[in-house]
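Student: With chain B fixed as given, assemble chain W onto it according to the hints.
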Amino acid sequence: MTQYLLRTLIAVSLIVQCHLASATSTPTHQNTVKVHGVFEIPSLEPTRSGYAFNRMQILETLVDVDHTGRLTPGLATEWNVKDNGKVWEFILRDDVIFHDGTVLTAKIIIDNLNLIRTKPSALKKVDIKTIEAIEPNRIRITLAKPYRPLGAVLAHHSASIVAPTAITASGEVTDLIGTGPFSVYKIAIPHKLVVKRFDHYWGQKATIEYASYLTGHRSEARVLQARSGQSDIVFGIDPAAIPMLKRLSGISVIQSDLPRTLTLKINIGHPLLSDRRVREALSLSINRKGIATAILKAPQAATDQLLPPSMNDWHIQQKSANYDLKRAKQLLQEAGWEKGAENWFEKDGKPFELTLITYADRPELPTIATAIQDQWKRLGIKLTVNITNSSAIPAGHQDGSLEVALMARNYGYIADPLGVLIKDFGQHSGGDWGSMNWSNPSIQATLNRLVEESDPKKYYAQAQQIATAIYQEKPLIPIAYYVQQTVVGKRIKEFQFDPYERNYHLNTLQWKR
Amino acid sequence: MRALLIKRCLQLLAVSWGVGTLTFLLMWALPGDMAYRIAAGRYGQDAVDSQAAELVRSELGLDQSAWSAYWQWLLDLLQWNLGESLVSGMPVAGELWHMLGHSVLLAFVGIVLAAIIAIPLGLAAAYWRGWLDRFTLALSITIRALPIFVIGLLAIVIFALELNWLPVAGFGTPAHLVLPALTLAISLAAVSNRVVTVEAKRVFSAPFYEFAQTKGLSTWQAFVHHGLRNIAVPLIAFFGVQLITVIEGVVMIESLFSWPGIGHGLAHAIFARDIPVIQGAALMMGALFVVLNTVVDLACYYLDPRGGNVR
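In order, the protein sequence lines correspond to chains B and W.
The first sequence begins at 0 in numbering that gives the first Met the number 0 and counts up by one.
The second sequence begins at 0 in numbering that gives the first Met the number 0 and counts up by one.
Worth double-checking, as some hints may not be accurate.
[To be verified] A short, non-exhaustive set of chain B residues, derived as facing chain W with CB atoms under 10 Å: (1) K33; (2) A121; (3) K185; (4) L213; (5) R217; (6) Y412.
[Stated by the list, open to error] In silico EDC-like links for lysine to aspartate or glutamate, alpha-carbon gap of 20 Å or less: (7) B:K118 <-> W:E58; (8) B:K422 <-> W:D45; (9) B:K245 <-> B:E219; (10) B:K296 <-> B:E337; (11) B:K123 <-> W:E53; (12) B:K123 <-> W:E58; (13) B:K328 <-> B:D373; (14) B:K124 <-> W:E58; (15) B:K195 <-> B:E208; (16) W:K6 <-> W:D296; (17) B:K124 <-> W:D45; (18) B:K489 <-> W:E161; (19) B:K118 <-> W:D45; (20) B:K118 <-> W:E83; (21) B:K245 <-> W:E161; (22) B:K123 <-> B:D93; (23) B:K124 <-> W:E53; (24) B:K422 <-> W:E53.
[Said to hold, decoys possible] Listing some non-contacts, in silico: residues in chain W with all C-beta distances to chain B over 12 Å: (25) V14; (26) V111; (27) W127; (28) G129; (29) V197; (30) K200; (31) Q212; (32) R272; (33) V289; (34) N292; (35) C299.
Because the hints were derived from the structure by calculation, they are not lab data.
Built from N, CA and C at the ideal position, the CB exists for glycine as well.
In isolation and in its complexed conformation, chain B is listed as follows (with noise of 0.2 Å):
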């Protein structure tokens, strides 16, 4: 008897003491998955910052997006679309709550959008006649005119909703109450954020208790933070590095394909390169399977078409394009060069001289930059390789001084391509980070007209036509997709990367014990 209670008060005591632990528990090394990435997170505001706090799995969307850039329930449990595409219809999820306690209702959506459709955002872009509520769960959406990417653009980090007690009378947002699976724990801005596990998140609740992300600007310390094993999760590895680690145990190195595409922006109405014959002269002297195995590490991320084959409206069946110097040396005399003086190609005692600029935010972009300086050189164009900040490059664009311009442009910033597309090819002048002077008003005028086409079998048609005068008349020079290299540690299984990069997936990772 006098052990049967010895044995209970045991067994009490420890319930006690573990409930206690984890009522106080902190973050440790031992309950802290540790995140390593490139981006800061420069305020709270999630129009501007938002992708940090979707990754962290603090704030959500309306509606969310695959790994494949399908829609897919989010806090909206499902959608209709009405009028031919000028009314959306979302039915909300029931049992929502905020990491305060607040519930999500229809007025507390309404208002977040409204309040979006105000600041520098992807809605703001939207002619968006009302956003009404038509049952206490249900909000309609009616617009101007058919849009539809609206659900991919709700689906985007600036559509992300708040808990009304974290915005200001003037609408300006002061602390991060989300509906996620995790909550702030502590913010240090810009540099480190730390989430804790939300017991009432309405979907898979984490196993892990903490998570921490902490900005490395500099790729070798991320490096370095990789093969010492003391972060969990280390996000845009240097590929240089990717062999080192690779031989390293208890790490493992993942490669992962993202909409987004290693490209080169030709400014169509500069001289040298309004001639067809000379651009494609440029792309066949470009050796990309070089490129993308040596400075990738991925010999399948070389193409020369824009978007990615998961993007099969606008993948095109095309075979892709050799690297065939001599065929290039003869379009450009096809074009009226002739080799000049130290084998560099010249017109009116002219030499075939440009000016590449680029930007060092993505580690590969200043190697691939010189590997075409060179691979240019044994064509016999001059190039100028000009390392800069990405925002040259819509500057270039604006004020015509842009000639070409090496970039990662993310066609999934929005997850259908569609709204990038337009972005960028919609006008005769082009777009920023878009096709530079190109003239195709009956492409412009398609591509415009496809926001309101609801039949797939058009819809595939004529993105079919749009992506196959892209790849014959280069107003852009694709040279590989971009290869994500992310490096996780031993501690942990279940890690899934998102292509959209809009999650890190936190709530379905587990510790390995």
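Tutor: Quick look at chain W alone, frame taken from chain B:
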């Protein structure tokens, strides 16, 4: 003493105005459209476009003339207002205060560690001379020739990767401070240990020191009563001069170790063309330099009360 303090207060005002003005001129002279740079910092690389840049331009009034912007900054400064960050929208003073705390901690621990390394090593080299003196000289030259980030990388490789004793980067625990402070300390100690050696040799061979030993004082007594203070004056003055190395060093060290100090903040503000933060950070660093040099002068004044020559 009072004259020194008044003089330094006037210097502080002049440095604040000079650093702020120079930073402003340099920022306005940089090529590239400021609105685009700020938009890239605010909205990220994927979202920076001409619409975002125009929004930034109209919101921040970037169309105003450089003179009008400078005048506004000067008026704000006279009211102790450093403005708001163009990227985060938060008050610059608050951001700087947060960053400064981290930088001062790093600099303080770095300097203390440097003193702990340099003083015994320098004294030992001066006392025993021979191979130890030659070895510390060679080591000092080698370390001084290395850029500070190389020292940092070596420290990471040894202590974080091979021995796995310390974290590679980050902040939040005392362990995170060790490697950045050690890197800074090694860089500082590389020169200061030589200063200690030279000064100690000078004092050890001085007639007054030899007389102290001749009159019967032990080696230790002679050192404590006649050596320490004489060596300390030039050494502390040199630490004052080295503060510039500290300010230079923290920019690289903070970036390498993801340490959220003022150097790191300044580097990022320059990339994002966040002028109020750049001006505020430069101003703060300039002011800090004057204040710390004043502290060094006061320490020297205390150690050598003959004083007049210290001023």
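Student: Each of the hints needs a verdict: does it hold here or not?
Tutor: Verification of the hints:
With a least beta-carbon distance of about 8 Å to chain W, the hint placing K33 of chain B at the interface is held under the 10 Å criterion. Against a cut-off of 10 Å between C-beta atoms, the interface hint on A121 of chain B holds, since the closest Cβ of chain W lies about 9 Å away. Among the interface hints, the one on K185 of chain B holds; its C-beta lies about 9 Å from the nearest C-beta in chain W, closer than the 10 Å criterion. A hinted interface residue such as L213 of chain B counts as satisfied when its beta carbon comes closer than 10 Å to some beta carbon of chain W; here the least separation is about 5 Å, so the hint holds.
Hint on R217 of chain B holds. Least Cβ distance to chain W is approximately 6 Å, under the 10 Å limit. Evaluation of the Y412 of chain B hint against chain W yields a held restraint, the C-beta minimum of about 5 Å falling below 10 Å. Taking the CA atoms of K118 of chain B and E58 of chain W, the gap is about 12 Å. The hint holds against a cut of 20 Å. Of the supplied pair hints, the one linking K422 of chain B and D45 of chain W holds, its CA atoms being roughly 13 Å apart against a limit of 20 Å.
Among the hinted pairs, K245 of chain B with E219 of chain B is consistent with the structure: their alpha-carbon atoms are about 16 Å apart, no more than 20 Å. Proposed proximity of K296 of chain B and E337 of chain B is contradicted: the alpha carbons are some 36 Å apart, above 20 Å. For the hint pairing K123 of chain B with E53 of chain W, the CA-to-CA distance comes to about 15 Å; that is within 20 Å, so the pair holds. Simply put, K123 of chain B and E58 of chain W have alpha-carbon atoms about 17 Å apart, close enough for the 20 Å limit, and the pair holds.
Among the hinted pairs, K328 of chain B with D373 of chain B is consistent with the structure: their alpha-carbon atoms are about 15 Å apart, no more than 20 Å. Restraint check for K124 of chain B and E58 of chain W: satisfied, since their Cα atoms lie roughly 18 Å apart, inside the 20 Å limit. Pair hint K195 of chain B plus E208 of chain B holds up; C-alpha atoms about 6 Å apart against a cutoff of 20 Å. The hinted pair formed by K6 of chain W and D296 of chain W meets the criterion: a straight-line CA distance of about 12 Å does not exceed 20 Å.
Of the pairs offered as hints, the one joining K124 of chain B and D45 of chain W holds, with about 16 Å between alpha carbons and a cut-off of 20 Å not exceeded. As the CA atoms of K489 of chain B and E161 of chain W are separated by approximately 17 Å, the hinted pair is consistent with the 20 Å bound. Taken as a hint, the K118 of chain B and D45 of chain W pair is honoured in the structure, with Cα atoms around 17 Å apart against an allowance of 20 Å. Under the criterion of a C-alpha separation no larger than 20 Å, the hint pairing K118 of chain B with E83 of chain W is consistent with the structure, at around 19 Å.
With a C-alpha separation of about 17 Å, the suggested pairing of K245 of chain B with E161 of chain W holds against the 20 Å cut-off. Note on K123 of chain B and D93 of chain B: the hinted pairing is violated, with a Cα-Cα distance of about 27 Å set against a maximum of 20 Å. Restraint check for K124 of chain B and E53 of chain W: satisfied, since their Cα atoms lie roughly 15 Å apart, inside the 20 Å limit. Distance restraint check for K422 of chain B and E53 of chain W: the Cα-Cα separation of roughly 16 Å lies within the 20 Å cut-off, and the hinted pair is therefore satisfied.
For V14 of chain W, the shortest C-beta to C-beta distance to chain B comes to about 28 Å, beyond the 12 Å cut-off, and the non-interface label holds. For V111 of chain W, the requirement that its beta carbon stay farther than 12 Å from each beta carbon of chain B is met, with the minimum near 25 Å. Residue-level check passed: W127 of chain W sits 38 Å from the nearest beta carbon of chain B, beyond 12 Å. For G129 of chain W, the shortest C-beta to C-beta distance to chain B comes to about 39 Å, beyond the 12 Å cut-off, and the non-interface label holds.
The beta carbon of V197 of chain W is kept farther than 12 Å from every beta carbon of chain B, the shortest such distance being approximately 36 Å. At roughly 40 Å, the least C-beta separation between K200 of chain W and chain B is larger than 12 Å, which holds for a residue marked as non-interface. Listed as outside the interface, Q212 of chain W is consistent with that label: its C-beta sits roughly 52 Å from the nearest C-beta of chain B, beyond the 12 Å cut-off. Residue-level check failed: R272 of chain W sits 8 Å from the nearest beta carbon of chain B, not beyond 12 Å.
Every CB of chain B is more than 12 Å from the CB of V289 of chain W (nearest about 29 Å), matching its label as outside the interface. No Cβ of chain B comes within 12 Å of the Cβ of N292 of chain W; the nearest lies about 30 Å off, and the non-interface call holds. Non-interface call for C299 of chain W relative to chain B: holds, since the shortest CB-CB distance, roughly 38 Å, exceeds 12 Å.
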